[in-house]
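Novice: Whenever a hint applies, use it, and build me the whole structure from the sequences.
Protein chains in written order, with the numbering used here: chain A, 1 to 350; chain B, 1001 to 1319.
By construction, these hints were calculated from the structure, which means they are not laboratory data.
Treat the hints with care, as some may be off.
Computed beta-carbon distance windows for the label pairs [said to hold, decoys possible]:
| # | chain 1 | residue 1 | chain 2 | residue 2 | range |
| --- | --- | --- | --- | --- | --- |
| 1 | B | S1125 | A | L89 | 56 to 64 angstroms |
| 2 | A | K218 | B | F1285 | 25 to 33 angstroms |
| 3 | A | G81 | B | T1138 | 53 to 61 angstroms |
| 4 | A | L8 | B | A1274 | 51 to 59 angstroms |
| 5 | A | L61 | B | S1125 | 54 to 62 angstroms |
| 6 | A | T293 | B | G1126 | 18 to 26 angstroms |
| 7 | B | A1274 | A | T293 | 26 to 34 angstroms |
| 8 | B | L1148 | A | L242 | 51 to 59 angstroms |
| 9 | B | L1177 | A | D304 | 37 to 45 angstroms |
| 10 | B | V1289 | A | K144 | 57 to 65 angstroms |
| 11 | B | S1147 | A | K144 | 38 to 46 angstroms |
| 12 | A | C211 | B | G1277 | 50 to 58 angstroms |
| 13 | B | R1092 | A | L177 | 33 to 41 angstroms |
| 14 | A | V78 | B | N1128 | 34 to 42 angstroms |
Some chain A residues near chain B, calculated using beta-carbon distances under 7 angstroms [as the list claims (entries may be wrong)]:
| # | residue |
| --- | --- |
| 15 | F127 |
| 16 | F301 |
| 17 | Y305 |
Okay, derived cross-link-like pairs now, SDA-like style, lysine to any residue, Cα gap no bigger than 20 angstroms in a straight line [claimed, not checked]:
| # | chain 1 | residue 1 | chain 2 | residue 2 |
| --- | --- | --- | --- | --- |
| 18 | B | K1091 | A | A317 |
| 19 | B | K1087 | A | F321 |
| 20 | A | K345 | A | I332 |
Where a beta carbon is used, it is the ideal one built from N, C-alpha and C, also for glycine.
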Amino acid sequence: MIDVVGFLISWLTFLGIYGILAISLNFESGTSGVTNFGKAFFYGLGAYIGASLTVYLFLLLNNIDVSKVSPFDVEGIVYLGQFATKNPLLNIGLFILSLLLAFIVAGIVGYLLSYPIIRVGPAFVGFTLLSTGELFRIFVLHYKPLGESKGIMSIPHPFAWIPNPTVRTALYLAVVLGFLALTYFVFNRIYNSPLGRTLRAVRDDEVAALCLGKHVPKLKATVLFIGSGFAGIAGVLMAFYLGSISPTYDMIGPPITFNVWAMIILGGMGNLTGSILGAIIFTFLDRLLIFVTPNLGITVFSPDYIRGFLVGFLIVAVLLFRPQGILKEGKIETLAWKVYEEEVKGEKSG
Amino acid sequence: MLPIDQNTILNFLFYSFFYLLFAVPLTLSYRTTKVINFAHANFITYGAYVAVFLNGLLGNKSLLLASLLAFLVSGTLAIVSYFFVFKPLEKRGASMSLIMISSMGLWIMYNYLLYMLADIAHFFSGVNFVSYGRILYTDVPEITIGSLRLSSGFIAVCATAVGMSLFFYIFLNKTSLGKAMRAVADNPVLAEISGIQRDKVITFTWLITGGVVGVGGAIWTSFSGTVTPTTGDAMILQVFTIAFIGGLVSLLRTGIGAFVIALIENVGISLLNAWFGVPTSFRTFLTFVALLVILIAFPPLGAAGGLPFRYRKKRGGAK
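Specialist: If you want it as structure tokens, here you go:
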């Protein structure tokens, strides 16, 4: 018997996190033409900032000398587990601090990274960001204060003080969905603003936009700042949801980027609602596969490979046969358009 | 006294020749077809796995046979990618970014396909293909000069890299097909008007690209400690950085770039290790720093769809 409530909560949490990634990537790549293949980098950066900050501050604020008790040792993990249920205010406060810091740091890193890459073509942008992600992973893998290959375990859940696990995860789900709504709201506003229209112009014809006096590199740097900041938030949400994070290929490596790309291509490039739709379809199938595959009994090869293969196949097939995705890129909804449409309709009926 | 031993120098040469084999075809394929191909990593891996499967399933000990088959398999893979994905997209007038994204999709697909093949082969033969040890070939001799012992893998890669360079030089400068290839690279429309069959030239370019890279991958199995399905992915940073040094247009500069990156990676890290105690596992960071330096100091302006935001005095350069 499948646990329906557990399935729904886990699916919707993943949907919220991937939705944030998909919307911000769609804004970067679909609307502004910055081919960001390094989504996993900003996501992983956010996750690591949030996780390491919380773990270290948690021990420090509970009067434990971090230089003696490392949060990666068994002793430190035991302490973390003990203190997690004691002080609700500390848990929530650190959670909020992580979110803020992750947004700012990931955003600034995105802004700085835009300097070398924005002036050259899309190939260089995509490739440089992709390799930045892999290098970040290698760095974490060999850097002692971040736990090396063990990763950071036992991150105190912000609602760890609630004894009932279902209520705890449901409350966290509400937070995640709240952030998804905030992301959609922010990007929808930017998308329909003059800035959004300028960005679409840049995407369609860089030379023309440049000739009309738009500062193309600066605009793209702004886009990378906002998009990366939100990816950092998604990373923090994932780190706190899972409770542990490690520099494995599947956790902060390229597969994250590929999944998000598959979502926005399936949903429709340049359509923010489409990317949520893509995220819904994708995460649902993903969670379903995780629940179903152990029962299939395939022993010749790992079913994970089929999943990875399908991600690539989906990208290629959608690009070949339905390049606009499920939902086409719509027109801009400005105030003037609304007034115009009302008047036209009024004239027709009147 | 410089802390460089004989081994570092040998490794430097090894990597130089491999990078030459991997990066020069990338530049060639980009400038002829205008496709940023992330599936380039798969050509390396598939070449290596042809050799691995031949050795593991059939007990093959001949590098020549493995290389020939790797040429065919990787070349076929490249042509298949072109015919079923890049060509229809190009016909529809898709932008360069979209073609690049589709090549990324292909990259993922081929990668997991290889994992599946390795698992299926494991299921039937019981040999672990996901992490395969170094293969010893018998048909390439070892050469000993004084105290210097050159392994058979070194002889093979040295001969192949030099042979490829000579082949490309003669092919592109002397034969009509090579000249046609250069014409398509410079101006596809004009080339087509002059009666060059562009489609044929591009198909041939893909065959050569995939093939040469596949041969490099097959030789890689005689050098690398272990071969995994991510062999090619691990090298993609270096290969693309080298191609960017060449600005994705100049084969000569790409060749020089191969030696520069190999020097930075092998000699540079051993110097840093001896002087500052930088761990050798951070060698990739040097390549990344080199990539950023290239992009900031010598940006390949106008290449790969970029805008020449910063102008230089002398434009154009070697082609």
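Novice: Return holds or violated for the Cβ distance of T293/A and G1126/B against the range 18 to 26 angstroms.
Specialist: With a Cβ separation near 24 angstroms, T293/A and G1126/B satisfy 18 to 26 angstroms, so the hint holds.
Novice: Is 25 to 33 angstroms right for how far apart the beta carbons of K218/A and F1285/B are?
Specialist: holds, 29 angstroms
Novice: Would you settle whether the hint for Y305/A is holds or violated, based on the nearest Cβ-Cβ distance to chain B being less than 7 angstroms?
Specialist: Check passed: Cβ of Y305/A comes within 5 angstroms of chain B, closer than 7 angstroms.
Novice: At a threshold of 7 angstroms, is the proposed contact between F301/A and chain B supported by beta-carbon distances?
Specialist: Hint on F301/A: holds, closest Cβ of chain B at ~3 angstroms, below 7 angstroms.
Novice: Going straight from one Cα to the other, do K1091/B and A317/A come out at no more than 20 angstroms?
Specialist: Holds: K1091/B and A317/A sit about 16 angstroms apart, inside 20 angstroms.
Novice: For the range 37 to 45 angstroms, tell me whether the beta carbons of L1177/B and D304/A fit it or not.
Specialist: holds, 44 angstroms
Novice: Per the hint of 54 to 62 angstroms, is the separation of the Cβ atoms of L61/A and S1125/B within bounds?
Specialist: Check passed, 57 angstroms falls within 54 to 62 angstroms.
Novice: Starting from the hint 53 to 61 angstroms, judge whether the C-beta atoms of G81/A and T1138/B obey it.
Specialist: holds, 58 angstroms
Novice: Given a hint of 26 to 34 angstroms, does the C-beta separation of A1274/B and T293/A actually sit inside it?
Specialist: violated, 50 angstroms
Novice: Please verify whether K345/A and I332/A have alpha carbons no more than 20 angstroms apart.
Specialist: holds, 18 angstroms
Novice: Does the beta carbon distance between C211/A and G1277/B stay inside 50 to 58 angstroms, or does it fall outside?
Specialist: holds, 52 angstroms
Novice: Given a hinted range of 34 to 42 angstroms, is it respected by the beta-carbon distance of V78/A and N1128/B?
Specialist: This hint holds: roughly 37 angstroms between Cβ atoms.
Going through the hint list in order, the structure does not satisfy hints 7, 10.
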